[in-house]
Every structure is written in structure tokens, then in C-alpha cells.
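Engineer: Reconstruct the complex from the two isolated chains, following the hints.
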Amino acid sequence: GENVEQHPSTLSVQEGDSAVIKCTYSDSASNYFPWYKQELGKRPQLIIDIRSNVGEKKDQRIAVTLNKTAKHFSLHITETQPEDSAVYFCAARLSGGYNKLIFGAGTRLAVHP
Amino acid sequence: GAVVSQHPSRVICKSGTSVKIECRSLDFQATTMFWYRQFPKQSLMLMATSNEGSKATYEQGVEKDKFLINHASLTLSTLTVTSAHPEDSSFYICSARVRGLRGGTGELFFGEGSRLTVL
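Chains P and Y supply the protein sequences, listed in that same order.
Number 98 in the numbering used here belongs to position 98 of the first sequence; there are no gaps in the numbering.
Number 116 in the numbering used here belongs to position 116 of the second sequence; there are no gaps in the numbering.
Excised from the complex, chain Y in its bound form (with noise of 0.2 Å):
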């Protein structure tokens, strides 16, 4: 299958402080990529939609000031979580859709993630 890449696993920073994830994909090329973010013994939540080239598509409820995405290559997308703070502490993961494979499912690959902790 796609291979997504996901940096950092893990990341500890000080409340205030801005936190940047990547996401690549290694052996495709994502138009679109979706941001999650699941807490603890919860179910993932979609923050966003990535458009290579173009402005992402947040989800209700999302701060797109707060959580900024950047896609500025086929291959990459970035999360960076601004001025954090210890309500940020969660695990985003990233995804990707592969047009094309496997007839064109449509599967979403997902990255290994990225645990924050804001101290």
C-alpha cells in the first residue's frame, strides 16, 4: 500500500510555544490531505481538509488561526499548532487519499501519527 509519513512521533513543548507536524506522502502524490486529531480513548475528529496550492478547508469548530496548515507540495502537508496550550495535548494524525489505486477506492493511508504534550 501508499506509504504516509508522519514527523515527529513525539513532540513536549511549553505552553506558548508553536508546535509544526509533517506529513508526506513517500511514494505518491496527495492533492488532498486530512488532518485528525484523537484524544484518548476516542474516536478520530477530522480538523481539516489539505489542498495542495490552495487555503485548507476547516471543520466546524476548528481554529483555523490556532491550528495553521500549509500544503505546499504534492507530496507535503504541514500542521502547526500555534501558541499551545495543555488543551492542545492530543494525537494528530494525518491522511492521505490515492486516486488511482486499487481501481480507485479512494482508501485513505494514514500517517504514524504525532503525540503532543504541552506542558
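Isolated chain P (complex conformation) (with noise of 0.2 Å):
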């Protein structure tokens, strides 16, 4: 079946680092791919997402890149804070019947002061 991969599982950054989480999907006619940040227990939260038809988005200290010919996106965090401390999860939606969205494993991602 379609799958999204998600490298790394654990990252772990000094405070003020950049992060970058990668991820590549296998439906070539996925058309949508939006991040998530869960915490501890808590519900999955939307970060940022990127259509197909463009290549980067960025909200603030938060960017998105996607290459639909490599079917690869990213995941760009700019001075990470503590506070960014969490799970982030990569999806992409499958083409056709009810776009259901797929996710990666997920990244565990430490800020340390």
C-alpha cells in the first residue's frame, strides 16, 4: 500500500540550531502534505502544510519544502527554542475515495538549552 517515510526518528539540537526532518511518499497523485506536532499525550496539532502546486511555504521560524518529482518534502525549523520540544509527524494525502491522510513514523525532536 502507499506509505510515507520519515527520517530521522530522534533529533536532538542545541537551542538556536536549525532542524530539518525529512520525509518521502510513495503516491505520486498525493496533492497535500501538512505537518503535525503532538506533544506528550495530547492531540496531533497542525504546524504548516504545502500544497502540490508550490514549492515552499514559511510561517515565521517554520518552513516547508516539497519536490513532487522526488516525492520528497521537509520539515525546516530556524532557532529552535526549547518550547519546539515535541513529536513531529509528516503526512500526505492519498488520491482518490475519501483523501485519507497518511503518516510518517514520526521525529522526536529535543531542544536543549
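Calculated from the structure, these hints are not laboratory results.
Since the model is a prediction, treat every value here as computed from it, not as a measurement.
It is possible that part of the hints are untrue.
Simulated restraints, written as ranges between beta carbons of each label pair [unchecked claim]: (1) P:Q14 to Y:I12: 39 to 45 Å; (2) Y:Q42 to P:A70: 24 to 30 Å; (3) Y:G53 to P:Q14: 48 to 54 Å; (4) Y:R10 to P:S26: 32 to 38 Å; (5) Y:P8 to P:L40: 17 to 23 Å; (6) P:D17 to Y:Q60: 37 to 43 Å; (7) Y:K55 to P:N31: 23 to 29 Å; (8) Y:I12 to P:G55: 47 to 53 Å.
Reference listing, derived: stretches of chain Y covered by chain P, where coverage requires no fewer than 3 residues with Cβ under 8 Å from a Cβ of chain P [claimed, not checked]: (9) 45-51; (10) 110-118.
C-beta: ideal position from N, C-alpha, C; glycine also.
Structural biologist: Put into C-alpha cells, the structure is as follows:
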């Protein structure tokens, strides 16, 4: 079936550094790619998303890039802060049917003061 | 953003009993809701797609007789874990997609999740 691969599984950075998380997807017809942040025991929260007709999108310290040819998209967090520590999930919306959202395995980001 | 409410947030039950989890869209109508399952330190695994007024669509490997889904109205979907066993212990999260909001991005909004512990 269709899947989304996410790397790395864990990421540790110093406060102020940048963090990059990468995902690849298999469904070439996917057209919507959100990123979610999940704190321990809480619901996933959308932090940024990108559609397939755009190559890059930025929202303050967060940016996402998309390479449709390579079926690859990445999350970039600059000037990381301790409160950025959480698990981040990428996702891809499958084409057809009910436009299901398939998630990557998640990246546990730790930002150290 | 749109609000999705899930209840209960935590439930502990004995093995063999059934547990019902409710998922409500509070300020919008959701013709489609999605049920996910999340084991500790793992990703969200799609279990089924809940469709208002029709049968749910289950993902491969998910037992439809074990996980009963009912989407009786445009604002409520329920997941019933029947004859629960310890291996069913997990975090169950529902989500709903809002059509037309934010220019029709189809953004998913998640409920708070329900942590099920089967003794």
C-alpha cells in the first residue's frame, strides 16, 4: 500500500540551531502535505502544510519544501527553542476515495537549552 | 480552527467488555471522520474512515467486527471496541476534515484522543 517514510526518528539540537526533518511519499498523485506537532499525551496540532502546486512555504521560524519529482518534502525549523521539543509527523493525503491522510513514523525532536 | 471533541479521554475496562468512544465536530459538519490508533512512541495508524449515513471503510488488517464504527449524524461518529483485550490498549484519536474552511485545504482537525487501558 501507499506509505510515507520519515527521517530521522530522533533529533537532538542545541537551542538556536536549525532542525530539518525529511519525508518521502509513494503516491505520486498526493497533493497535500501537512506537518503535525504532538506533545506527550496530546492531540496532533497542524503547524504548517503545503500543496503540490507550491514548492516552498514559510511561516515565521517554520518552513516546508516540496519536490514533487522526487516525491520528497521537508520541514525546516530555524532558531529552535526548548518549547519546540515534541514529536513531529509528516503526512501525505492520498488521491482518490476519501482523501485519507497517511502519516510518517514521527521524529522526536529535543531542543536543549 | 474547527473543534473536534472526543470522549472519554481515558477509560479503563476489564477484559471482555466493550468500550464506546465518541467523536464530535462541535462547530462544523463532518461527512467524513477518520479513526486512528497510536501505540506508545509510534505513529498514527489509520484504522477506518467513517462516513455519515453509510458503512465505515476499514483499512487492511483492521477487524470491522472488533472495532464497530457508527456515523449516525453529521457531527457524531462513535468507535466501539468490542470484547476488549489487553492488546487493544492504545491511544485512539479521531479526526474530521473540514470542507471549505481555509479555502478548501481539507485540513484535518483532531480530537483530544482517548487512552484505553484494558486490564
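Engineer: For every hint, state whether the structure bears it out.
Structural biologist: Status of each hint after checking the structure:
A beta carbon spacing of about 40 Å between Q14 (chain P) and I12 (chain Y) agrees with the range 39 to 45 Å that was offered as a hint. In this structure the supplied range 24 to 30 Å holds for Q42 (chain Y) paired with A70 (chain P), their Cβ-Cβ distance being about 26 Å. A hinted range of 48 to 54 Å for the beta carbons of G53 (chain Y) and Q14 (chain P) is consistent with their spacing of about 53 Å. Roughly 35 Å separates the CB atoms of R10 (chain Y) and S26 (chain P), a value that falls within the hinted 32 to 38 Å.
For the hinted restraint 17 to 23 Å between P8 (chain Y) and L40 (chain P), the CB-CB distance of approximately 19 Å keeps it satisfied. The supplied range of 37 to 43 Å is met by D17 (chain P) and Q60 (chain Y), whose beta-carbon atoms lie about 40 Å from each other. A hinted range of 23 to 29 Å holds for the C-beta pair K55 (chain Y) and N31 (chain P), which are about 27 Å apart. At roughly 48 Å, the beta carbons of I12 (chain Y) and G55 (chain P) sit within the given window of 47 to 53 Å.
Interface restraint, the segment 45-51 of chain Y with chain P: holds (4 residues with C-beta to C-beta distance below 8 Å; minimum three). A count of 5 residues in the segment 110-118 of chain Y with a Cβ less than 8 Å from any Cβ of chain P is obtained; the coverage claim is therefore met, three being the minimum.
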